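On the provided structure of chain V, position chain L as indicated by the hints.
From first to last, the protein sequence lines are chains V and L.
Read in our numbering, the first sequence has 142 at position 142, and its numbers run on one by one without any break.
Read in our numbering, the second sequence has 178 at position 178, and its numbers run on one by one without any break.
Read the hints as simulated data drawn from the structure, not as lab findings.
Take every hint as true, because none was put in to throw you off.
With a cut-off of at most 16 Å between alpha-carbon atoms, the simulated EDC-like pairs for lysine to aspartate or glutamate come out as follows:
id	chain 1	residue 1	chain 2	residue 2
1	V	K69	L	D301
2	V	K206	V	E152
3	L	K150	V	E86
4	V	K105	V	E90
5	V	K210	V	D100
6	V	K69	V	D118
Far from chain V, some chain L residues (derived; all Cβ distances over 12 Å):
id	residue
7	F88
8	L158
9	L169
What follows is a set of in silico ranges between Cβ atoms, one per label pair, in the way DEER data are often shown:
id	chain 1	residue 1	chain 2	residue 2	range
10	V	Y171	L	L169	47 to 53 Å
11	L	A139	V	G101	51 to 57 Å
12	L	I366	V	R74	42 to 48 Å
13	L	R273	V	D156	58 to 64 Å
14	V	F134	L	W304	56 to 62 Å
Please read these numbers as outputs of a predicted model, since none were measured by experiment.
The C-beta atom is built at its ideal place from N, Cα and C for all residues, glycine as well.
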Amino acid sequence: MIKHTCRSCAILLLLLSINRAEAHPHVWVTFHSEVLYAADGTMTGIRHAWTFDDMFSAYALQGIAHAKKGHYTRDELASLAQTNVESLKEYSYFTYARGDGKKLKFSDPVDYWLEYRDATLTLHFTLPLKAPAFAKAIKIEVYDPSIFVDFEFAKDTPVSLSGAPQCQMTYDLPHQPTAAEQSRLSQLDFVPLDPLSTYGEIFANKILVKCP
Amino acid sequence: MTRSHAAALTALAAILIACTTAIDSAWSAPFGAPHPLGAMPAPGAMPTFSWMGWIFAEQAAFYRSLSGFIRASKEDGAAMWELFGISFAYGVFHAVGPGHGKAVISSYLVANQETWRRGIVLSFVSAAVQSIVAIIVVAIAAVLLGATAKAIGLTVHLVEITSYAFVILIGLRLLYVKGRGFLIASHELSWHHATDLTFAAVSTVKGLSATTFHLSEGRPRAVAMRGGQCQIDGCTAYAHGFQCDHDHEHHESAWGHAHAPEPAMLAGAGGWRRGLVAVGAVGLRPCSGAIIVLIFALAQDLFWTGVGATLIMGLGTAVTVAAIATLAVSARGLASRVARTRAGLGMLAMRAIEAGAAALIVAFGILLLAGYMASEQLWMFTG
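If we strip away everything but chain V, and leave its shape as in the complex, we get (with noise of 0.2 Å):
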């Protein structure tokens, strides 16, 4: 009989905790990355291309005014765009870059705007650095450290550099999480990463460029 209610109890205390163990995505993004570079070979910052998948699209358009239906003109967007990339500072705009093993900052996007191309929204926009890096190593990731977010490469040149034909460009998958790494992901509620683990990279997407 305790037998019994320990099993039960065992399961009941799994499912239960499972209710804060993963938080999972309702928005999927997929996304091209451009790294810039300068002429004098210091990294200058990232030009992303984001694309919704289509019913994120569609929530993100409702209630947007357009003169024809099925059509959003980039005028129509801009106050959209705004509202993205504000909301994103709060998330560091889902984007992580170390030179040579220093994190970089990034300031305020430029140049940003939504495309609404086949039933899907593409957000456009640039992360400058706040003060241009040169490095050997650059590493960027892009990802969504809740998971509220599901990034993933696009399929056809998913990564590009500009302006550093010295440089070679190579990027990374995010692997299967083993067990061990699932486990760890259920706990990040509660014992939250320290700022020095490199936990982050088994779901992040990972840019590198290596520079002589």
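Leaving out everything else, chain L in the frame of chain V:
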């Protein structure tokens, strides 16, 4: 605060800590100690729960296929039935994930000694409320007012906060009732072992506060009314010593109530109403997925199809929540059967479980309100 009060509170605190740590570690380390802060579990040391990963993958796949089926149902009536089927499956899988009040509802059922029948009904009501709130929000905000995603997100956020505040209030009320039940139970337990303590306790009280309690006037019962010091209740201060009378069956407890609240009292009149209020509060929070599906359907001029899909999604959610609620109720039933074999302590343990479950509701409410348990967010892009 008397000693038995302090002991009772310590026990309660211990149970709560046990509950929360158990919940915290159950998922992550069912067979091991909780991991130190920030440390990664040793590779290979963890049992695999990949079936959870599978559930998450499945629900994501179902969700993402919804848009295709909504589009298809525009031209093809048969696709609508497929859409409804997918919606149901999505609801079942989705509810296993975070949110949807499983934890709160299950805790509520455990704390309130509800029957499994009532648990199932309340689960279905909660899921129905959730779907209907989503439909009402979209119908008013999007269809009638033409509000933007930003305004809808804000509305959902406000409704959410209201829901969590209600959950905290319901939890606090329950914690008050159940905490009191636990204190009474612990008080009654100490009553039975009181004989040994009589002299020490009385002399302490006499020495410290004899004037306050007018022991000299032969009214020591006043001491008992302060709570906890039951061992003094009914003693008469004769010159040759203390004599305690143990044979009154209907002694007054410290709180002026006859006994701990009886199950019948809670499940009786008002139980249904309170239960419905509780699940209503939980269900108030609309599912973000349902909101998105509804707005997507609206954009395709298929609002009513979206409404149907949302209701069926809610039905799927209800099935999962009801299954978990039934498990919670039967776990409690088993525990109480075990408890019955041990008089006194068993009763105390049951009261402790109830108080702990009530405290968990408060904790869930606070965590939800503080955003620690947020499971779905919509405002990363739209404010």
